[in-house]
Structures are given as structure tokens and as C-alpha cells.
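Colleague: Given the structure of chain A, go ahead and fit chain B onto it with the hints provided.
Chains A and B, in that order, give the protein sequences. Taking this note's numbering, I'd label the letters of the first sequence as residues 1 to 338. Taking this note's numbering, I'd label the letters of the second sequence as residues 1001 to 1338.
Since the hints were made in silico from the structure, they are not lab data. There could be a bad hint or two in this list.
[Said to hold, decoys possible] The calculated EDC-like cross-link candidates involving lysine to aspartate or glutamate, where the alpha carbons are at most 20 Å apart (straight line), are:
hint, chain 1, residue 1, chain 2, residue 2
1, B, Lys1132, A, Asp246
2, A, Lys187, B, Glu1068
3, A, Lys187, B, Asp1147
4, A, Lys270, B, Asp1246
5, A, Lys235, B, Glu1184
What follows is each chain in one-letter form.
Protein chains: 2
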Amino acid sequence: MYIALDAMGGDKAPQSNVEGAVLFAKEFRVGVYLVGDRDILQKELDRYGVKDLPIEIIHAEDVIEMDEPPSVAVRRKRRSSMYVAGKLVREGKAQAFVSAGNTGAAMAISKFVVGAAEGIERPGIAVAFPTKKGKPTVLIDVGANVDCRPMHLVYFAVMGHTYVKEILRSSQNPKVGILSIGEEEGKGNDLVKDTYPLLKMTGLNFVGNAEGRDIFTGDFDVIVCDGFVGNIVLKTSESLGSIIVDMIKQEVRKSIISKIGAALMLPALKRFKKKADYAEYGGAPLLGTTGTCIITHGSADAKAIKNALKVASQFEETHFNDKLKENLENLLPKELRV
Amino acid sequence: MYIALDAMGGDKAPQSNVEGAVLFAKEFRVGVYLVGDRDILQKELDRYGVKDLPIEIIHAEDVIEMDEPPSVAVRRKRRSSMYVAGKLVREGKAQAFVSAGNTGAAMAISKFVVGAAEGIERPGIAVAFPTKKGKPTVLIDVGANVDCRPMHLVYFAVMGHTYVKEILRSSQNPKVGILSIGEEEGKGNDLVKDTYPLLKMTGLNFVGNAEGRDIFTGDFDVIVCDGFVGNIVLKTSESLGSIIVDMIKQEVRKSIISKIGAALMLPALKRFKKKADYAEYGGAPLLGTTGTCIITHGSADAKAIKNALKVASQFEETHFNDKLKENLENLLPKELRV
Chain A
1 MYIALDAMGG DKAPQSNVEG AVLFAKEFRV GVYLVGDRDI LQKELDRYGV
51 KDLPIEIIHA EDVIEMDEPP SVAVRRKRRS SMYVAGKLVR EGKAQAFVSA
101 GNTGAAMAIS KFVVGAAEGI ERPGIAVAFP TKKGKPTVLI DVGANVDCRP
151 MHLVYFAVMG HTYVKEILRS SQNPKVGILS IGEEEGKGND LVKDTYPLLK
201 MTGLNFVGNA EGRDIFTGDF DVIVCDGFVG NIVLKTSESL GSIIVDMIKQ
251 EVRKSIISKI GAALMLPALK RFKKKADYAE YGGAPLLGTT GTCIITHGSA
301 DAKAIKNALK VASQFEETHF NDKLKENLEN LLPKELRV
Chain B
1001 MYIALDAMGG DKAPQSNVEG AVLFAKEFRV GVYLVGDRDI LQKELDRYGV
1051 KDLPIEIIHA EDVIEMDEPP SVAVRRKRRS SMYVAGKLVR EGKAQAFVSA
1101 GNTGAAMAIS KFVVGAAEGI ERPGIAVAFP TKKGKPTVLI DVGANVDCRP
1151 MHLVYFAVMG HTYVKEILRS SQNPKVGILS IGEEEGKGND LVKDTYPLLK
1201 MTGLNFVGNA EGRDIFTGDF DVIVCDGFVG NIVLKTSESL GSIIVDMIKQ
1251 EVRKSIISKI GAALMLPALK RFKKKADYAE YGGAPLLGTT GTCIITHGSA
1301 DAKAIKNALK VASQFEETHF NDKLKENLEN LLPKELRV
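For reference, chain A alone in the conformation it holds in the complex (with noise of 0.2 Å):
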């Protein structure tokens, strides 16, 4: 198994892309392709002093930028690490792309470059968000479709249930909800109104709707939504979490006093930290694609870089296109198949 790591793409790019590609190789011993600048990353390389481990550079001269609109990626930039790493995929000469890049570009090279997977009209991109009860709350999709039709969400449904099921493991009998205005049937807008009854059909555990609350209440395994309003939750939520910290950190400032009770609270806040990263699930994955693709954040650190590539290489060894392929079959009655 080979997994094609744009080895540019990212804040941290390159240094921590190779770092979290050595780390992992040494310890799980699978193949990673760093796609990028090859005498940057030789160089890169040269410093970990490793030559047994199954690393490989493929050249790419050029990089997508943070702030380049996806057809630029697409269309335009061919000789860059994150189109030749989604390319390395759909040849087949990869199993796996996972890229820290621009995260539009990167959704749009996983859906055109590498492409979407046999029965699959839209790939959705799923966040798993931590929650009160511990156990993470999978949100799709964040931000690969708009303007969704009912079909679409009802496969969202399905690529969610077995993400949970067999990547994060954190229920064997998913509960499915569709993020809603208002818990009770026939609430909602007309693409709510209109999937409700199609995920009623279908044979996965769909328990209603879910409101903007139970995203964070561990009451739900899955969510689902057209990609405008996944994405829009995403991006309140990360921005809000870090808003409350900044916040009280100002507040804290005003006093010694609350400044030695934060010193002390520290550890404790760390901890929270660690727990509310969702980089800690190893980044967010494209379901619905050829091969995997797995998309993480632009200030991934080497340990972040590490975790998605063990991501990946879970969805290889777990064979979850073809789960997902038994599970589109066995959950959905023939009228809602593609």
C-alpha cells in the first residue's frame, strides 16, 4: 500500500509533512509517496537520517497556494504537489491522497482528479466533532456539495454510517439524524421535508431530525446535511471555540489573581484541548471517492500529519469502499439506488 501525501500543502509544509511521514512509516511500515519539490524534500529527508523506510519522493515543481480558488488547482496547475499526489491516486499507482493544503483546492482535486467511486454521484466530506458523552458526532457534509438533493443526503447517510462503524468504531449501530430547525417530523426546510421520508425507507438506524445542539450532545453518530450548511456549522464552530478561549484569556488578563488561577487551571485546559482537536481523528476524510482522500488542517504539526496518513491507511486495511459499497446495497432498497 502506497498513500500519496502532498508534501507541500499546509502551513507547517514541508517540514512537518516529512516529519509526520517518517514517524509514521517507522512505525506502521507502509508506503508513503512524498509529492513535492524533490530537492526540498530530499533535503528535508536527509535530516531523519532513515534509508529502510518505505518513503519515496515523486518531483512536483509547482505548489497550490492557501488562497488559490479550486479551479486554479483543477484546471491550471497540473506540476503541483496536490494535483500529482490526487493524479498518483486515480492511476492507481496510490491508494490513499491526504493533503494539509488549501482545503477547497484539496476537496476539488479528490473529487475531480481522483474521482468519485463507482455509484457515487457526490463524495461528502465528513468532520467527526468531540462531544459531551465522549464519543465524536459525524457531520456530512461540510462543504463538498451545495445545493443538495434529497438522493444526495440520503448517501451521505450511508457513507457516515460506515465511517463510524468501521473507521472510528464508536457504535456498531450508528444513529442517523438530519440536522433540522425543530425536532419533530415535517420541521425544517423543503430538502429536510423531502429526504425524511427516504431516509425512513432505508434500513440504517435513522432516529429524525437533529438540531444545531445535537451536534455536540453525543445523542446522535451521524448527521447529515447539504454542504453549505455543514460547512457553515464547521466554520462557526471552530471559530467560536476559539473566540470563548481568546475571550477569557482577555478577561483573565485583567487581574494577577486570575492570572495565577489560569496558571493552575493549565493542565486541565490542555487536556480539554487535546480532547475538543478533531485533528485527533486524523483530519477529515472525502468519502464516496476512488481510492481515500483525506483533507486536514492547514496548521497540521507533524503528529497531525502522521495521524491522517494512519487515517488512510485504517480505510485501506479496512477495505471501506467495499464496505461502503455492501452497505449502499444492503441499506438502501433498489428505488433509492444511483
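Modeller: Here is chain B on its own, set in the frame of chain A:
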């Protein structure tokens, strides 16, 4: 001026509602109709031994429960405190309606009993979020309307502009954005793409797309969205805030040193909580109705009720609806007016 207060709505009703009304009437000498069970309310009122306040009880024998669907509030329970309070505004006997009861029901009463103002097709509910910069960002609509058309969002923008300028007074030329998934024009779902050019045609200070993270940065004064997305954002944010606090508490409890630290930080945490609590802004107004409608939290205490009544009186004193009408005429080109 009289404000009709749903005296039986909310978790702490009628005690907090009556106390809040007394505090408000004492300080501002504005009239309040306490709507609800006459005997219960009279008994509560007697506890304060006040006789010269402009508070009057209006009897209504029924109560809308927190879990009853909005349709019951509007169509069936016509002798509820909420319905009767709304009707007082509709009939011109009161100028404003305030409720801490069942939010969905209060919205329905505001829309269908109080009714939309002339020239407004869809009233929108606005919430002021605390931001990093200290000044609030208004999100509108947070749940009064699902499946909006572009024109509705344009109207929400003018409502939000007027709210910021006349009531919150946090900006004289409010920066208006539209909630989307990416900064550039052209990013977003069909509703966003169709609304964007219309907002550009207005006289508003329209600055383009806002992302989920922008709700808390303070870079925008007003962010418009449809009520489905807005409601999910509101509920996600509310619950995330309380869950972060819970998770930190859990971690803190694990060690005595952390506990001491937390105790020392308490004043700072309280100041933070006050800043982050949007009840400080007096609840959420439903903009674009005949008269003023303020919906406040179910958990509202006497201070929150007093704040809500105060904001309601500000709406009347500033002649908000006249200002809104003027702004619709001045800021929208003729072809965008209903």
C-alpha cells in the same frame, strides 16, 4: 405607550416576568400589560406592594407550553397569555409584544397575530452575537423563515441595518454581508448567488460574502441568511458555548490544583459570561412586524425581562418602524421594492 408582556411564558414565569415588569416600570415609567391568569399575577404583584406603577393585568386563562407546536398557539389556544398579548398589539391597544415563552410559538404569534408591517412580506428574527471587537454582529434571519427567496434576504439586510443603526447604535454605516462558504463573489449556494447582485444594487454598505467564522470577528455589523441556516447557527453556537464550559469544568474537577485555579479565575469567567450573553441585548426582535415584537430566552430572569421591555420601549421611542420604512424607500431601488 403600553407593552404587552406574556406574563406566563418562560421557565421562571410568572415570578421573573412580574418582577422584571415592576423593575422596568419603576425605572422607566412606561406602561406594561401583564397578560395571564389574573389571580396568580395579582398575588405576585402584591408581593412588591406597588400601587402607583403603570402596570395593568389583562386576564388570559390559558398558557402555551414550552413543547407545543406553533400551530396550536396560533390556531387553537386563543385564550393563552401569548395569544392575548399579541392581539393587544394587533388591535392597537399596546405598541409592543414581549415573550420569554416557547420561541416557535412566539414567532408564530408575532407573524400571524401581530402581523407583518405594511410593505414587508417576511418579518425576520435578528440576534446580536458578541464579537471579538466588543461590538455585536447581527445575524438575520435566525428562524422565522425557511426556504427564502433572494428578495427576502435583501429585506432582512435593510432590517438588520436599521436595527444596528437605531437600536444597538454600534455603527452609523453598518457593514452588511451575506453568509456563505467562501469569501469571493460566486461562492455559495443558488440563494446566495442570486441574492449577491441584488444586494450590490442597494444603497447598503454591502461588503460581500461572510463565512461562518465572521460571525464572531466583528468585521461585519449585519450578516443575512435564510432562517434555516440562521437557526442552526444560533443553536450550534449556544450549545457549543455551554458545552465548552462543561468540558472545561469536567477537566478541572480532576485535580485539586485545577479547582483552586478555577476558583481564582471566577471573577474573570463571570465577566466573560456577561459579555457573551446575548440576553444583555434584551433578546431577539422580530423585525418587520406591525408594532414591536421581542422574543427572549426561556430562561430569562427578572433582569432579562426588564432588558427586553427596555429594548421594546426603545423600538417605540426611536420610531423604528418608520425608520425601517424610510430605509426601505431610500436604500432599495424601485425594482427591488415589494
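Colleague: Next step is simple, just say for each hint if it's right about the structure.
Modeller: The hints, checked one at a time:
1. Lys1132(B) x Asp246(A): This hinted pair holds, its Cα atoms lying about 8 Å apart.
2. Lys187(A) x Glu1068(B): holds, 13 Å
3. Lys187(A) x Asp1147(B): Since the Cα atoms of Lys187(A) and Asp1147(B) sit roughly 12 Å apart, the hinted pair holds (cutoff 20 Å).
4. Lys270(A) x Asp1246(B): With Cα atoms ~15 Å apart, Lys270(A) and Asp1246(B) stay inside 20 Å; holds.
5. Lys235(A) x Glu1184(B): Satisfied, since the Cα-Cα distance of roughly 16 Å is no more than 20 Å.
The structure is consistent with each of the numbered hints, conforming to all of them.
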